[in-house]
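Asks: If you want the building blocks of each chain, they are given just below.
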Amino acid sequence: AQSVTQPDIHITVSEGASLELRCNYSYGATPYLFWYVQSPGQGLQLLLKYFSGDTLVQGIKGFEAEFKRSQSSFNLRKPSVHWSDAAEYFCAVGLYNFNKFYFGSGTKLNVKP
Amino acid sequence: GAGVSQSPRYKVAKRGQDVALRCDPISGHVSLFWYQQALGQGPEFLTYFQNEAQLDKSGLPSDRFFAERPEGSVSTLKIQRTQQEDSAVYLCASSFGQQNTGELFFGEGSRLTVL
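Residue numbers (my numbering), protein chains in the order written: chain A, 1 to 113; chain B, 1 to 115.
If you are wondering where the hints come from, they were derived from the structure by calculation, not from laboratory data.
All values reported here derive from a predicted model rather than from experimental measurement.
Ideal Cβ positions, reconstructed from N, Cα and C, are used throughout, including at glycine.
Keep in mind that a hint or two might mislead.
[Said to hold, decoys possible] Pair by pair, the computed Cβ-Cβ distance ranges are: (1) A:E66 - B:R15: 30 to 40 angstroms; (2) A:Q42 - B:P61: 19 to 29 angstroms; (3) B:Q17 - A:D54: 31 to 41 angstroms.
[Claimed, not checked] Now the stretches of chain B that chain A is said to cover, found in silico as 3 or more residues with beta-carbon under 8 angstroms: (4) 31-42; (5) 46-58; (6) 106-112.
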């Protein structure tokens, strides 16, 4: 069965510090991988996606993610976190020509001043 | 409209009542999804439409849940005889479908509380 695991429920980082959010997936083939961000009271917004090719992908708001097939991982990174990055982040796997998506349980990011 | 619109944003229902949640997707989007997000959880797939056809309803938790998209645009998720375990945020998302990048555009959700 397909699954997405985000092992960290909450993460707190200081503003200006680097960030890495972990995501592992279970799927029989190379999936389509996504990171979404959900700010309070807002809908989920796409940060970045990976389909094929270069395993390091760039997204909006200075985020990047690296696909590692050997580890079945797609971790999200940002070199320097801003207070406005405080939100909940969801990793997702897209299957079947985008007819179904599976989401992780999310990681809530707090940013200390 | 410019984005996916959902209504109502908040709904409180007494156990046993029927509720209807509406989703107005982005104009021209072929695909429409409903997700259920329980407190502290990620979105869980409920059902998927391509135009007016409901191609996958494998995530609907029981036969009390019913979704439709009769004209291929607006969709309604109906929950009959609501139970407390139905309390969640119901998210609607749309996309262009296979021709596009797979990006889902989400509404802000409808928060259902069943008392």
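Asks: Are any of the numbered hints broken by this structure? If so, which, sorted upward?
Replies: Failing hints, ascending: 1 and 3.
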